[in-house]
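Assemble the whole structure, with the sequences as input and the hints as a guide.
Numbering (the numbering used here), first residue to last: 7 to 638.
Hints are computed from structural coordinates only; laboratory data are not their basis. Note that the coordinates shown come from a computational prediction; the quantities given were computed from them, not determined experimentally. Wrong hints could be hidden among the right ones.
So the derived label-pair ranges between C-beta atoms look like this [claimed, not checked]:
{"no.": "1", "residue 1": "P308", "residue 2": "L94", "range": "25 to 33 Å"}
{"no.": "2", "residue 1": "T149", "residue 2": "T307", "range": "39 to 47 Å"}
{"no.": "3", "residue 1": "L239", "residue 2": "L435", "range": "37 to 45 Å"}
{"no.": "4", "residue 1": "P220", "residue 2": "I110", "range": "14 to 22 Å"}
{"no.": "5", "residue 1": "R549", "residue 2": "A171", "range": "40 to 48 Å"}
{"no.": "6", "residue 1": "P282", "residue 2": "A546", "range": "27 to 35 Å"}
{"no.": "7", "residue 1": "H337", "residue 2": "V575", "range": "28 to 36 Å"}
Glycine included, C-beta positions come from ideal geometry on N, C-alpha and C.
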Amino acid sequence: MHDNVLLQAFIYLAAAVAAVPLARRLGMGAVLGYLLAGIAIGPFGLHLVPDGSEDVLHAAEFGVVMMLFLIGLELRPSMLWRMRVAVLGLGGAQILGTAALAAIMAIVVGSGWKPAVATGLILAMSSTAIVLQSLAEAGRLRTDAGQRVFSILLAQDIAVIPILAVLPLLATYAVSSGAGEAHGVATLPGWQQALAVLAAVGAIVGAGRYLLRPVFRAIARTHLREVFTATALLLVVGIALLMQVVGLSPALGTFLAGVVLADSEYRHELEGDIEPFKGLLLGLFFISVGAGIDFLLVARTPGTILGLVVGVLALKGLVLYAVARTFRSTHADGLFVATALCQVGEFAFVLLALARTSGVLTDGESGRLVAVVALSMLATPLLLLAYTRFLEPRLAAPAVTRPADEVADAHAPVIVAGFGRVGSTIGRLLRASGVGTTVLDLDGDRIELLRRLGLEAYYGDATRLELLTAAGAATAKVLVLAVDDFSVTQRLIEVARRHFPHLALVVRVPDRAEAYVLINDGVTDVHRETTGTACDMGFATLRALGYRAFQARRAVQAFRAHDEQGVRVLAGSSGDEASYVRAARARIAETEQLIAALDFVDRHFDLAWDNTTLRDEAESRTELDAAIDATR
7 MHDNVLLQAF IYLAAAVAAV PLARRLGMGA VLGYLLAGIA IGPFGLHLVP DGSEDVLHAA
67 EFGVVMMLFL IGLELRPSML WRMRVAVLGL GGAQILGTAA LAAIMAIVVG SGWKPAVATG
127 LILAMSSTAI VLQSLAEAGR LRTDAGQRVF SILLAQDIAV IPILAVLPLL ATYAVSSGAG
187 EAHGVATLPG WQQALAVLAA VGAIVGAGRY LLRPVFRAIA RTHLREVFTA TALLLVVGIA
247 LLMQVVGLSP ALGTFLAGVV LADSEYRHEL EGDIEPFKGL LLGLFFISVG AGIDFLLVAR
307 TPGTILGLVV GVLALKGLVL YAVARTFRST HADGLFVATA LCQVGEFAFV LLALARTSGV
367 LTDGESGRLV AVVALSMLAT PLLLLAYTRF LEPRLAAPAV TRPADEVADA HAPVIVAGFG
427 RVGSTIGRLL RASGVGTTVL DLDGDRIELL RRLGLEAYYG DATRLELLTA AGAATAKVLV
487 LAVDDFSVTQ RLIEVARRHF PHLALVVRVP DRAEAYVLIN DGVTDVHRET TGTACDMGFA
547 TLRALGYRAF QARRAVQAFR AHDEQGVRVL AGSSGDEASY VRAARARIAE TEQLIAALDF
607 VDRHFDLAWD NTTLRDEAES RTELDAAIDA TR
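Shown next, in the form of structure tokens:
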């Protein structure tokens, strides 16, 4: 069974399809999903793939080459220059500090200096895939701590390149001089090897700047996507072969080519073409790694393996915390950086494979480290969860509360609660129309700016009865609710209804689900914040397709009116999924019928609209209703 190539391909793909969605649903990330899939089908699981699938692993390693090419495409020189302090300082200090301490610890426990240096460099890497995904899902990428984490990961991605070059150099001391030929690389003597390397690097840089752009431009003119994809793959494979011929890592050459092309107008097209192949081959690589984890070794020495995992996590955490604090992070941010990055990352598997095949690490050392790396990655989601649930609340500094502003004699007819991206637009419209407004918001800086602009604006929680009263709710006519937090909106509606029932409520909600809640609660004037923008974009799209202005505007106007009505109709069945789906399908069919009826209007009604003006909305709706009735 193990010799059947198609069956092996089926097993690997089936394992990925089954395990990765489950892992992502559990918050563990795709890399861990691939590792678990490999463990499940490997010799220590269901035994569906043979021991040591070297052929599969070597083929899958090309995914790493593609990953380095894509990383190079992302590293525009201008961006690197802007982040140079954080990347070189923060990231460089972490890599050197972790590598040095790990190497010292390895020597202390009896390892030779060459394996110790290799081990230190490998353990300095963290998981870009797991960490960035976790930060994005938690909304932390834009925070100070998130930016520091990103800088360290970027430094590690760049450091992979010199590490890939250093490991074979260590191998020249660890194995015989014939090691290079064992990898199929023709080793040249001294100065010829140096010239060959310089020539290869120069060829990549020169071709990237002066040759590849005209080639890609010519290929793009063919408008054949598959040819462009083939060209992109040809580029990566060709550079990998060139690097192999001169005795360097293929990943080094493709990374360099990616950096050279980072400012190219074809960067995004190259990313889109290479990404699927990279993802598939990398997934295959991680599955192979998972299948190769020696659980017999773990079972024989569980205390040793567990101790190594805890030791690595603690060592990296201490270095990361110290480096973050040195670069002026707060105590809480330093602990977050340490928690997020204390695992060992996916690049470690690549480096371990290279170190083993080069002879720097023995099979036993490599197998032990593979288990440690995999277990540290498996621990990452649990560590981040523990930090968020238990540690972060204790570290949070007590909020500095500002007392609500005193509101003196506010008599504006409109109160606007929340003056963000929606409320500010409403406020400007009302002011331009000569309508007085009183603004309530919890952003102190925004309030100060609004006052300088001449608006009546006050800091405070609009759900507090005393603040609403002071803002003139007893005499105002309309309360506009434009706060971001839907739970705050609900509380504010409750307070306004109970104490100021005369107020007309105009409420902004994020989307349909929140609109259904308020409509079922009896709120009638509910507006979804994205509807207007979406309809405007729809109008622009129809105009770009050649529709006349009145045709496009009429279609959008009819769609929006029907959609708004549909929200109120569907709110009653939103709690019952089956009836909601039936009602929603009926509304979709009615919408299509409505838009089709517009052609009937063109044929049977004298619509005296030109390209820029519209009839009165009420008249338009009457004609559309008549058109729909006529088609039934």
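Violated constraints from the hint list, given by number and in increasing order: 1, 3, 4, 5 and 7
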